[in-house]
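For this one, chain L is given, so just place chain W on it according to the hints.
Taken in order, these protein sequences are the chains called L and W. Residue 1 is where the first sequence starts when you use our numbering, and the numbers rise one by one after that. Residue 1 is where the second sequence starts when you use our numbering, and the numbers rise one by one after that.
If you're looking for bench data, these hints aren't it; they were derived computationally from the structure. Any given hint might turn out to be false.
[Unchecked claim] Think about it this way: if two alpha-carbon atoms lie no more than 30 Å apart in a straight line, the pair counts; the simulated DSS-like pairs of lysine-lysine are:
(1) L/K522 to W/K522
(2) L/K393 to L/K251
(3) L/K474 to W/K522
(4) W/K251 to W/K28
Protein chains: 2
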Amino acid sequence: MFSNVKRLLIGPPKKLQQLREERLSKLKALPILSSDALSSVAYGYQAALSEIAFIGVAGLWIGLPIAAVIVLLLIALILSYLQVIRAYPNGGGAYAVASDQFGPIAGLVAGAALLIDYTLTVAVSVSSGIAAITTAYPSLLPWTVPLCVLAIFGIMIMNLRGLNESASIFMWPTYLFIFSIFTLEIVGFVHLSHAGWHYAQTPPFGVIPKEISVLLILRAFASGCSALTGIEAISNATPQFREPTIRNAQKTLLWLGLLLGLMFAGTSYLTYMKGLQVNPNFTLLGMLAQSYFHTGFFFYFIQFTTFAVLILAANTSYSGFPLLAALMARDRFMPRMFELRGDRLGYSNGIIVLSILAIILIVAFNGQTDALIPLYAIGVFLSFTLAQTGLVKRWMKTKPPGWLWRSAINSFGAILSAIVTVVFAVAKFSQGAWIVLVILPLIIYFGVKVRRHYQTIADDLRINITQVKPSPHKTIVIVPIAGINRVVAGTLSYALSVSDQVIAFYVGFDDEAIERMEEKWKQWNTGIRLVTARSQYRSIVRPLMRFLNTVENWEGAPDHIVVAIPQFVTRKWWHNMLHNQTSIMLRTILLYRKDIVVTTVPYHLSD
Amino acid sequence: MFSNVKRLLIGPPKKLQQLREERLSKLKALPILSSDALSSVAYGYQAALSEIAFIGVAGLWIGLPIAAVIVLLLIALILSYLQVIRAYPNGGGAYAVASDQFGPIAGLVAGAALLIDYTLTVAVSVSSGIAAITTAYPSLLPWTVPLCVLAIFGIMIMNLRGLNESASIFMWPTYLFIFSIFTLEIVGFVHLSHAGWHYAQTPPFGVIPKEISVLLILRAFASGCSALTGIEAISNATPQFREPTIRNAQKTLLWLGLLLGLMFAGTSYLTYMKGLQVNPNFTLLGMLAQSYFHTGFFFYFIQFTTFAVLILAANTSYSGFPLLAALMARDRFMPRMFELRGDRLGYSNGIIVLSILAIILIVAFNGQTDALIPLYAIGVFLSFTLAQTGLVKRWMKTKPPGWLWRSAINSFGAILSAIVTVVFAVAKFSQGAWIVLVILPLIIYFGVKVRRHYQTIADDLRINITQVKPSPHKTIVIVPIAGINRVVAGTLSYALSVSDQVIAFYVGFDDEAIERMEEKWKQWNTGIRLVTARSQYRSIVRPLMRFLNTVENWEGAPDHIVVAIPQFVTRKWWHNMLHNQTSIMLRTILLYRKDIVVTTVPYHLSD
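Extracted from the complex, chain L is given alone in its bound form (with noise of 0.2 Å):
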């Protein structure tokens, strides 16, 4: 049944040499490597001014200033991932970087920084791009969460039925909202231009109101520092370029950063101008639009491609997340299950894995981006931090010419992203920002668990094989019985197969049902011995562990005890929901309970 459902949903499996990508030229890197940076457009300034939405009109033009702070540390942050691509020409990012650096312990903290990081990514980018579209058809409002669910729903699919990323069709969202979002400034530019620079509804400037506190500042500039998450995305890519490598990606992370930078500030001035304060229902992003082109196809457009790329910035998470836990489990951080590949050569586990917690915050949080932010940009900046330090250390190590220079950039960098953190989990500490300092650790803590049991594990396994040798042992078969007929007799034949110590056991829930069986197994005559025990529950998995364990103590006890299930094997998929309940019920439980050898016999259905 799940097999064929599956196949439906997720397409036939795909070879290993599909694997192999191609590389990216720069017109195409841009787009599908900058989505996640440049999507932050729609959320970012909104977030920073949430936090001091309530002071009104008067302090609208705080939001300036912060976001002119927030410009100014994406460029100290371009100019220190440049130094990344040349360090790290093959990508791998702050899991990689730190634990080459500063040892296993280091990456694990970034790697678990960065699990959290793509998580909220998706939870993020998924209820920012409905908001989006729920600006534009405020009828749907009411149905924020299910359209997030359905949305992440579907990038999951898409996913496990194996995404091919760098399809031309990627980059059109990105380039689609890039010539939005210009055109919008353009013509917000042109338009202001007309009206001298300034609107009626133009807040006044520089006027401090008394509601205003430094912690309100910080929290404003910390969320508004979400919009800068993403542009890591061209460094952990570097390889992925055509020759020169390093020379392409450089030039595309500068280009990615002049993008930022422009569509940032753009947008957040003209907001700014219009006076517009956040709205629970509406998008920042949206008014700012719809105060221009109001209700024509300009502002659908920009819903649309905003939708578009925010969908598309999630879906870079599940490239991101599923790789980084499979090198957590290959380095045993993570349990091995990560590793493992699907059918159609993705890590399925890891897919999967991400959807629900992505869900379960969207759910959790109702939907809602702003409520989101507090937790997120925390674990960016902490693995912005632990990369940069990472950088600084491998330069006084490796003392390339011009060193000197680029550990101050680093350094500069590691200190910004290092105060972003300890900025965003003081100020946002209340607000949503301890969960994630209480996440971080235990899933620190979790990978060094995982690690340490692990290798026992492998040094208990080890054998010498001159002195380990496999042998027979003595073995017994039992198996369940609620009656006789073909699939018992089935089952049977194969227990008297495989051993010549056979035992029916026979569960009755009144004396005389067991009378009745007992008798019924006289006439049947197999030679096989009936053991019935009476069920003072009506289910037959306590007697048939007391059994077990009486069959454990017994003299000369074989050394497997081996317990035989029939399993129906049905014609149609949806048979399979009307048999065999019992038998997973008894398996599962003996699986984990026992010390049993567990065997499923199957029997053909000829319906």
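Just chain W, lined up with the frame of chain L:
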């Protein structure tokens, strides 16, 4: 792992003796059996008014005649159900009556209608209960869906723990709710009389607004009939009453009718006098309470008792649905898994399926009670119709004293119910009733198919015990291995114990790995044959399947092909997810795809 979590949430297993229920006194039966019916007061009149809400104040008076007709319908149904109690003192409800009088297919129709109805009772009651809370605390409004899901989850856990529904604690919500509503009505009518039976805000009566149409009135009536859902509960539970059971059940039903009629009529009238209009953010009942008690203690008291009685009403479906599903499974209309009792003697599968369906409804309809109403009540009135018609047939056949007027009453009840069903299906079709009209036949079709399938299987499995006897066959054991270690040695030992034909099977991802393995195998020198394969995919499933196909087609192929898979038995529950992922995958695929005996051989990890 699962078992520990389960134990924690659900508690230790119960004995069968505990199943026997105590008989109920009237004082206890009334609140416990009528919470579903009485709680309908919380949403019935609002559901009716919301259909004509768009007309505004001018349409408010139309609610009153509709409420009057619903009260008349209530009286007719109470009279009918007094007969049902006399005719079926053993209870059983519409499924039993319809099966008994018209055969299994009519029973299946009634059963399917009731299953839908139970599910909607949970969804409607929970969403309405949470609405009572959000009316009291509007800041919780954005969390409607998460709160509903949490409530359903809580009810599910309670029921999996095995709720003693007749516990005295379950009397309180209903009595407190009755007390609340009557206090509200008394205060209201006293206040109203002081005001000269007219408020300033009382809307005009009797002027027909031009927007009204017959369809709208029918829709409002149909929605209002949701106030009558649940009145069948007492007749279903007749055998639980103390002697004289019939008289006691009938007296209780009369009390239910009286209370429901007074509560529904009184609150509806006051709602009209106060000129209250439907508001998406507040319940009508809550606004009515607030209009008399402002935000004083008694307003919150009413909101909380409303919430409690609605949660209790949702809980009644948790005894109804699993029991009905188990009855239908016993009659082979439903998968047998619904017959399995959990450790705590509840029908766990029914409880879980009901919760999942209710959560899907809540999420799909965004927790909006008024949006769920068009799906509700159609199943109730369909089963009312079937039960009443069955009763008429029974009176005709058995002809007890007074059979003529008895069948007259029930015919009247059947015709009224049938009319409501049709009105509902037609008037509400486009609003959502079509969903029920699609799903109902699907459930019936599914039930028929299931029954036919089980019948075929039973015929197929029957054997002549003098002819068919179990007998041993030839077996071969295949052990998939990923290297040589203690686990592999253990699994091979088991294989050697049950068969003299054992093959180890290794999948390598490149030629080098395969060569290394073959070399090492030669050194181990076990006498067991090693077969290797190279994987184009990174999965070991495909090569194993190919190999199993080959073995099946060997000359003199064995009767049983056994695949032996090691299973790590871990000390700590969470270690389970660190191991066994590959073996779970292999086992699942082999169980459903191939004619293979699957054996799991436990290996105890020391850590």
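Hint check:
Taken as a hint, the L/K522 and W/K522 pair is broken in the structure, with Cα atoms around 51 Å apart against an allowance of 30 Å. In summary, the hint linking L/K393 to L/K251 is supported, as the alpha carbons are separated by about 25 Å, within the 30 Å threshold. In summary, the hint linking L/K474 to W/K522 is supported, as the alpha carbons are separated by about 27 Å, within the 30 Å threshold. Between the alpha carbons of W/K251 and W/K28 the distance comes to roughly 13 Å, so the proposed pair stays at or under 30 Å and holds.
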